[in-house]
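From first to last, the protein sequence lines stand for chains W and P.
Numbering follows numbering that gives the first Met the number 0, with no gaps: position 822 of the first sequence is 821.
Numbering follows numbering that gives the first Met the number 0, with no gaps: position 298 of the second sequence is 297.
Note that these hints are calculated values from the structure, not bench results.
Honestly, I wouldn't trust all of these hints.
Claimed, not checked - Straight line, CA to CA, 20 Å or less: simulated EDC-like cross-link-like pairs of lysine to aspartate or glutamate: (1) P/K98 to P/D60; (2) P/K10 to W/E754; (3) P/K10 to W/D223; (4) P/K10 to W/E156.
To be verified - Restraint ranges, calculated between C-beta atoms of paired labels, are given here: (5) W/R348 to P/A89: 27 to 35 Å; (6) W/T729 to P/G407: 52 to 60 Å; (7) W/S660 to P/A89: 48 to 56 Å; (8) P/A89 to W/A51: 20 to 28 Å; (9) P/D17 to W/S660: 27 to 35 Å; (10) P/R130 to W/E295: 37 to 45 Å; (11) W/A380 to P/A89: 48 to 56 Å; (12) W/F665 to P/L374: 47 to 55 Å; (13) P/D513 to W/S660: 18 to 26 Å; (14) W/T645 to P/H193: 22 to 30 Å.
Bear in mind that the values here come from a model prediction, so they are computed numbers and not experimental data.
Cβ atoms here follow ideal geometry from the backbone N, Cα and C, with glycine treated the same way.
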Amino acid sequence: MPGGRSDTAAHLPGDRSGTAAHLPGGTGGRGGAAAPRTLAEALRARGDKGLAALLRARPDLLVPVPGDMTQLATRAGTRASVVRALERLDRFALQTAEALAVAPDPAPYAVLRALLAGDDGDPEVAGALPAALEVLREQALVWGDDDRLRLVRTARELLVPSPQHPSPTGLGPTVAEATAGMSPGRLQEILAEAGLPNTHDPVSAVAALTGLFTDRVRMAALLDSAPAGALEVLDRLVWGPPYGEVTADPTPPVRWLRDRGLLLPVSARTVVLPREAALHLRAGRAHRTPEPLAPEVVPAHEHRPQVVDSAAAGQAYTALTTVEDLLREWHEGGPAVLRAGGLAVRDLRRTAAVLDVPEATAAFWLELAYGAGLLASDGEADERYAPTPAYDAWLELPAAERWARLADAWLVATRTSGLVGGQDAKGRTLAALGPDLDRGAAPEVRARVLALLAGLPAGASPDPESLLARLRWERPLRGGAPAGAPGTGADLRARLARWTLAEAELLGVTGRGALATHGRALLDRVRDGSPVPGPAPDSGPVSGSGPGSGAGAAPGPGAGSSGGAGSSPGAGSGAGADHGPGSGPGSLGSPAALLSPLLPEPVDHVLLQADLTAVAPGPLERPLAETLAVLADVESKGGATVYRFTPGSVRRALDAGRAASDLHAFLAAHSRTPVPQPLSYLIDDVARRHGHLRVGAAAAYVRCDDDALLGEILADRRSAALRLRRLAPTVLAAQTDPATLLDGLRSLGYAPAAESAEGDVLITRADAHRTPPRAAPAPVPDGPPLPDDTLLGAAVRAIRAGDLAATVPRKEPAAAEPARTPGGLPRTSAAETLATVQAAALTGSAVWIGYVNAEGTASQRVIAPVRVEGGFVTAYDHTADEVRTYPLHRVTGVSELADPDDPDDSA
Amino acid sequence: MNGPLIVQSDKTLLLEVDHERADACRRVIAPFAELERAPEHIHTYRITPLGLWNARAAGHDAEQVVDALVEFSRYPVPHALLVDVAETMARYGRLTLTKHPAHGLVLSTTDRPVLEEVLRSKKVQPLVGARVDPDTVVVHPSERGQIKQTLLKLGWPAEDLAGYVDGEAHRIELAEDGWALRPYQRQAVEGFWHGGSGVVVLPCGAGKTLVGAGAMAQAKATTLILVTNTVSARQWKHELVKRTSLTEDEIGEYSGTRKEIRPVTIATYQVLTTKRKGVYPHLELFDSRDWGLIVYDEVHLLPAPVFKFTADLQARRRLGLTATLVREDGRESDVFSLIGPKRFDAPWKEIEAQGYIAPADCVEVRVDLTESERLAYATAETEEKYRFCATTATKRRVTEALVRKFAGQQTLVIGQYIDQLDELGAHLDAPVIKGETSNAQREKLFDAFRTGEISVLVVSKVANFSIDLPEATVAIQVSGTFGSRQEEAQRLGRVLRPKADGHQAHFYSVVARDTIDQDFAAHRQRFLAEQGYAYRIVDASDLLAGGPEPSGRDDSPEAASEPDAS
C-alpha cells in the first residue's frame with residue numbers, strides 16, 4: 000500500500016501539511032489515496048508496518064483475526080477496545096485525545112495545538128505534540144490528515160464532557176450544545192445583550208455567539224464591560240467543574256453573565272459556562288497543566304555500583320537460603336491446603352516465625368517458590384503443600400542459576416504476594432498460595448519499574464515518589480485512582496510498583512535500592528521478547544511431573560509473553576526509546592554469570608571452638624552441611640553458619656547411625672582448628688550413655704533359672720521356628736505368641752508353664768468357650784403371620800382405591816380419543832393435564848391419573864389434588880391413602896372421574 | 000572481599016580472630032556491637048538497638064557503622080540489616096532533653112511527628128507539662144529519669160543534654176605514688192567523664208575500684224558510692240584511703256551497722272532498699288548532701304528499687320561499674336536509660352593479654368556418683384535434686400584431693416550449702432565464712448588469708464561479690480546458685496587478680512556427672528567459655544588416681560585413702 004507509507008512517515012506538522020496539500024492532487028489518481036473519509040479507509044491507506052504497529056499496540060483487535068479493513072475499523076471502534084486503548088495511553092497522549100474531544104470534529108492540527116499549548120504557545124507542548132498525535136494515530140484512535148484530525152467516535156463519546164461524565168479538562172458543552180433547547184426569542188435577546196445584531200434563525204444566532212466567544216479581542220472587550228463580581232463568578236467556573244447553582248433571583252453579576260450567554264441555563268437552577276467562553280478565559284488551554292514530558296525519575300541516593308552489586312548479591316544469597324529453608328521445613332510435607340485453596344493464616348504465621356521474617360515477607364517467599372514451580376499442593380485426598388520434584392533438580396544447580404530461576408519466575412508472575420492478608424470484594428481474606436491473587440498488570444508494572452530503574456545511572460536508587468509519578472504519567476487511566484491521591488495504596492499500579500521495589504530488594508535484583516548489574520541483565524532478557532530463556536525448556540517437565548504444580552508452572556511461558564507485550568507499549572510511549580527490539584540481546588551477559596562471582600564460594604571446613612560451637616565461615620558444601628546439621632543445631636545463619644553442639648544434637652547423630660569414632664573423625668577431618676577437648680568429651684559422654692538401655696519387641700519369653708536348659712533349647716534345631724533369642728542367661732525372647740511357644744516347647748518334650756503378666760503361673764483348665772451375648776433366633780413359621788385388623792382395614796382400602804382407579808368411569812376429554820396404552824394409562828397432553836389438575840385442585844374433586852415412577856413403572860392412581868405449583872401436584876392419593884406429591888412430567892395423563900359418587904356405587 | 004567479619008542475618012557479627020585485619024575490625028565495631036562470645040577462633044558480636052544507641056551517644060553515626068560493616072565484611076551485607084541499622088540509629092537524638100533558660104527542663108525534637116507520637120502515649124502524658132512551641136514541651140524536672148526510661152521503651156531514646164549539677168565541691172586527688180592508673184583505666188575514666196554519665200564494663204580483677212577513684216578525682220565533688228554489701232564497702236574505703244588523697248575521716252559508711260554521712264559516703268544496696276512500714280527510710284541519704292557523683296558498683300546487680308531512686312537523680316553524674324552487662328532479669332535497658340550508655344569496655348582476654356589479670360586454667364571435674372547415691376538421686380524430690388547431687392560425699396573427696404594437690408597455695412573453696420561447707424571446713428581443717436559470720440570476724444579471716452597465715456578458706460556465697468583476696472590462686476567451686484552465669488564470672492574473678500609470683504590461676508568446678516548439677520554447670524560455664532575461658536573436663540577418677548591431669552604431677556598417692564565419712 001504505497002499511499003499508506005505517507006501516512007506513517009508524515010510525523011511532523013510541517014511535513015504533514017505539505018503532504019496533505021498535494022495528497023488530493025499528486026496521488027489523487029489512485030482512488031484509495033484521497034483524504035480518507037472513514038477510519039477503514041484511513042487504515043486501508045496504511046502501510047503494513049503501520050498496521051502491524053496498530054495490532055501490536057492493540058492486540059485485542061487480533062482475536063479473532065478480522066476479515067477485512069472494515070471489520071478491523073469496526074472492531075477498533077468498539078467501546079471495550081477503545082477503553083482498553085485509552086487506558087494504555089500516557090498522560091500527554093491522553094490529554095491530546097481529550098483536547099481533540101473538545102475540539103470541533105474534524106479539527107485542524109493548529110486548533111489542537113492551540114488547545115494544548117494555549118494562545119501563547121508553550122514550546123514544550125508544541126514540541127511533544129507530534130509524537131503524541133502519532134501515538135494516537137498509530138493506535139487508530141485518531142485518523143485523518145492534519146487539517147482534518149478526527150478522534151474515533153467512540154473515543155470522542157468517552158472523552159467529551161457531559162454533565163454525567165465531567166471531562167478532566169473541566170470544560171463544559173459548546174454554545175451550540177448548551178443552547179440546543181433554547182427558544183429562538185431568548186437567543187435573540189442574548190445576541191442583543193451581547194451587542195450583536197439580530198439574526199434570522201437560531202443556527203446563525205448560535206454561530207454569531209460562538210464567533211463572539213472565540214474572538215479574543217471582542218470577547219476581551221465584552222468582559223471589560225462586565226460589572227464587578229462577574230469575573231469572580233467566571234473564575235470559579237473556568238477550570239471546572241463548569242456547572243454552577245443559581246438562585247431563583249440571581250445576583251446582578253450572575254444575571255449580567257446569563258443575559259449575555261456567558262452562563263447558559265442547563266436546568267432551572269443550574270447554569271454552565273460554555274466551552275468557548277471558558278477557553279477564552281483559559282487563554283485557549285484545554286488543560287490547566289498540560290504534561291507533555293514524562294516526569295523524570297529522580298535518583299535519591301547514589302552508591303558505588305560495586306556496593307550495589309555486592310549488597311544485591313548478599314540479598315540474592317539470602318533469598319536462596321530462605322527458599323531452601325522454607326522448603327526444607329516442608330520437606331516431609333507442609334501444611335494443609337485450605338478447602339478454598341491457599342495456606343491458612345496460622346500456617347503463614349508459623350512459616351513467618353520459622354523464617355524469622357514478617358508475614359508479608361513470608362508470603363512473598365511462598366509465592367516465589369510456588370511461582371517458580373518448587374512448591375505445590377500434592378493433590379492427595381487431604382491436600383498438603385510439598386516441594387515438587389523440580390525442587391530437587393533446582394537444588395542441584397549452582398547458586399547463581401538457582402537465583403536466576405527464581406528471578407525469572409518472579410519477573411513474569413501475575414500472582415502478587417502483596418495482596419495476601421487483604422480482602423477481596425466479598426470481604427474474604429486472601430490467603431497466601433490461594434486463589435484470586437493474580438493481577439494481570441503485575442508483570443508489566445514490574446518490567447516498567449525495573450526499566451525505569453535501569454534508566455538511572457548505575458548505582459543510583461530512585462526516589463520512590465518520583466518513580467510512582469512517572470508510572471502514573473505513563474498510564475494515567477489504569478488503576479482508576481485519581482492522580483490527586485498518590486501513595487494512599489488505593490491505586491493498584493502504585494501498589495504493584497511499591498511491591499516491586501520491595502520485592503526486587505528482597506530478591507536481590509536491586510541492592511540498596513539501585514538496580515544491580517545482574518538485575519539489569521535479567522531485565523534485558525525480558526525485554527528481548529524471548530522471556531525467560533533459562534527455565535522455559537525445563538518448565539514443561541516441571542508441570543508434568545508434579546501433580547498440581549500446573550498452576551505454578553503455567554505463569555512461565557504464558558505470562559511471559561504478556562509481560563513482553565505489556566512492556567512494549569511502554570517503550571512505544573517514548574519513555575524507553577533506547578530499547579527497541581533491535582538493541583543487542585544479552586549484551587550484558589546472563590544474570591547468573593554476572594551474579595555467580597559475587598556469591599560466596601562454598602567452603603569445606605569449619606572452625607570448632609571450646610564453647611561447643613562450630614562456625615562455617617561461608618556456605619558449606621552440601622554433604623558437609625547435611626552431616627553437620629544432624630550433628631549440631633544451627634544457631635545463626637547468614638553468610639556463615641554457626642552450629643552448636645548439644646547432648647541432644649550429638650544423640651541425634653548417634654541415632655542416625657553414626658558411631659562416636661565416626662564423629663570424631665568427621666570433626667577432625669573438617670575442622671581447620673584442633674577439636675576442643677570439651678567437644679570430644681561431649682561426644683564420648685553422650686556415646687557412653689547412648690544405647691545403654693535397649694528397647695525391642697518380643698511376643699513371648701521363656702525364662703528358666705537353669706541357663707543350661709535354655710542353652711539346650713537354643714541348640715535344638717527344631718526350636719528355630721520359634722525364633723528364640725537369648726536376652727540374658729536366664730531369659731529367651733520369642734517372636735511367636737505364648738500359645739504357639741508353649742505348644743512348640745511341649746512338642747520338643749519340655750513341660751513349660753504359662754505365666755501371667757504379674758509372673759504367676761497360669762493354671763491351664765479346659766475353659767468353656769462362650770460367644771458374646773446373643774439373642775435367640777426368632778421362629779420362622781411356614782406362612783405369613785396372621786394379619787391384624789388394622790392391617791386388614793388398610794389393605795381393603797388400598798385394594799378398593801386401586802380398583803377405583805382402574806375401573807372408575809371417566810369423562811373422556813373433549814379432544815379426540817386419547818391414545819390408550821396397553822397398560823390403560825390415560826394419555827393427555829401436558830397442557831391438558833395441568834389444566835385438569837388445576838381445575839380439580841380448585842374444585843377439590845378427585846381425578847384419575849396415569850403415573851410413571853422413577854423406576855419407570857407405570858401405575859394408575861386416583862388423587863384429589865390439593866395444590867399445583869412448580870411442576871408438582873400435591874394431592875391426596877386415594878390409592879396410597881396419604882398425601883403425596885407427584886411431578887407433573889411423570890403424569891402420563893389425567894381423567895376426571897365421571898362422578899364423585901360413582902366409586903361408591905361401583906363398589 | 001576478604002574481610003575478617005561475617006555479618007549474619009540475625010544481626011550477629013562473626014569476627015575471625017586470627018585474621019590480619021581482626022584488630023582493626025574489632026576497634027571499629029566495638030562501639031556499636033556488644034561482644035557476646037569470645038572463644039578462641041571466632042568472636043561473636045551482636046548488634047542491638049541499645050548498642051547502636053550507645054554508639055550514637057558516643058558520637059558515631061549510622062554511616063560509620065554501615066561503612067565499618069561493609070568494609071570489613073567478607074560477604075555482602077544483607078541490605079535489610081543496613082537499613083535497620085540506619086533506621087535504629089536515626090531514632091536516637093530525634094528527641095533531646097535540654098535546659099531551657101525560661102522553662103527549665105524541656106523535651107525538644109527535630110522531627111515534629113515523633114514528638115506528637117510520644118506525646119500521644121499515655122505513659123508520657125503525666126510526665127510532661129505545657130507545650131512551649133510546636134517542637135518543645137516542658138518536662139517536670141522530677142521526671143527526668145522516668146521520661147528517659149519511658150521514651151526508650153517507646154523506641155525513641157532521648158539524648159540527655161540537660162547537663163549536671165556540679166554538686167558540693169570536695170578536693171579529691173589520686174595519690175599515684177609508685178603506681179599509676181593503667182592505660183585502659185585511664186581511658187575508661189576519660190570515656191565516662193566525656194560522656195557525662197554511663198557504665199564502664201571491665202572484667203573482675205581489672206581494677207574497677209580505681210576507675211571509680213579516677214572518676215572521683217575528675218569530679219572533685221562529694222560522692223555517693225553504692226555497693227553490694229558491707230565487706231565490699233570496707234574494701235572500697237580501704238582502697239580509696241590507699242589510692243587517693245582522701246583520709247579515713249572523709250569517708251563514711253552507711254550500712255546496717257553504721258550510718259555515717261561524710262563527703263564520700265559508701266552505702267550498701269541492702270540498707271537503701273530496706274523497707275519499713277511501706278517506706279524506704281534511708282532514701283533521704285540521696286538528698287542528705289549535694290552529691291556531685293554517684294558511683295554504682297556491680298550495676299548488673301542493682302536492685303529494682305534503686306532504679307526507681309536513680310530515676311530521680313538524673314541531674315547528677317552517674318558512674319556504673321560492672322563486669323558484665325548481662326542481667327539475669329533482662330533490665331539492661333533500664334541501666335541504659337537511667338545510669339547511662341556504656342562508655343567503655345574491654346574484653347576480658349585483651350586485658351589478660353596485657354598482663355593485668357592472671358591467666359586461668361579452668362577445669363571441670365566430673366564426679367561419678369556411687370551406685371547408692373545414684374539411686375538416692377533418682378528418688379529425690381525434684382526441688383531437692385540439685386542440693387543432693389551438689390553435696391555428694393564424692394565431691395568432698397575430690398575437693399580434699401585438690402586442696403592437697405595445691406597445698407601451700409592460697410586456696411578458696413566456694414559453695415552454696417552451709418552444711419556442705421561446714422563439713423568441708425571440718426575435713427580440710429579450714430575456717431568457714433558464711434552469712435552468720437560477723438563482719439569483724441570476716442575481715443580478720445580475710446586479713447589472715449591475705450597475709451598467708453591461713454592458706455585455705457571455705458566461703459559461702461556471701462563472698463561472691465567484691466571481696467578482694469589478692470593472693471588466691473586456686474578456687475574450687477563445689478556448688479553454686481543453680482545456673483547463675485554471673486556468679487560463675489564473679490567466682491572466676493576471685494583468682495584472676497595478677498599474682499605476685501606470676502603463678503597461673505586455677506579454677507576448679509566439681510560437678511556430679513549425669514545429674515542436673517552437670518546441666519547447671521554447663522549453663523554457668525557457657526558464659527566463661529564465651530569469654531574465652533574454655534573448660535577442660537577431667538574425670539574425678541583420673542584426678543583421684545593422680546592420672547593424666549597435666550598440672551597434677553606433684554601429687555599424690557594418698558588420694559586413694561578413703562575418708563571415714565558415710
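Outcome of the hint check:
For a cut-off of 20 Å, the pair hint linking P/K98 to P/D60 is broken: about 24 Å separates their Cα positions. A threshold of 20 Å between alpha carbons decides the hint, and for P/K10 with W/E754 the separation of about 64 Å lies outside it, so the pair is violated. For the given pair, P/K10 sits about 73 Å from W/D223 by alpha-carbon distance, which is inconsistent with the 20 Å threshold. Under the criterion of a C-alpha separation no larger than 20 Å, the hint pairing P/K10 with W/E156 is inconsistent with the structure, at around 60 Å.
Range check, W/R348 to P/A89: about 29 Å between beta-carbon atoms, so the 27 to 35 Å window is met. One distance hint, 52 to 60 Å for the beta-carbon pair W/T729 and P/G407, holds here, with the actual separation near 57 Å. Range check, W/S660 to P/A89: Cβ separation about 55 Å, and the 48 to 56 Å hint holds. The hint said 20 to 28 Å for the Cβ distance between P/A89 and W/A51, and at roughly 54 Å that hint is violated.
The beta-carbon spacing between P/D17 and W/S660, approximately 29 Å, falls within the hinted interval of 27 to 35 Å. Taking 37 to 45 Å as the suggested C-beta distance range, the pair P/R130 and W/E295 conforms, at roughly 41 Å. As the Cβ distance of W/A380 to P/A89 is approximately 53 Å, the hint placing it in 48 to 56 Å holds. Taking the beta carbon of each, W/F665 and P/L374 are about 37 Å apart, not inside 47 to 55 Å as hinted.
Hint check: P/D513 to W/S660, Cβ distance near 22 Å, so the stated range 18 to 26 Å holds. Checking the proposed 22 to 30 Å range against W/T645 and P/H193 shows it is violated: the Cβ atoms sit about 44 Å from each other.
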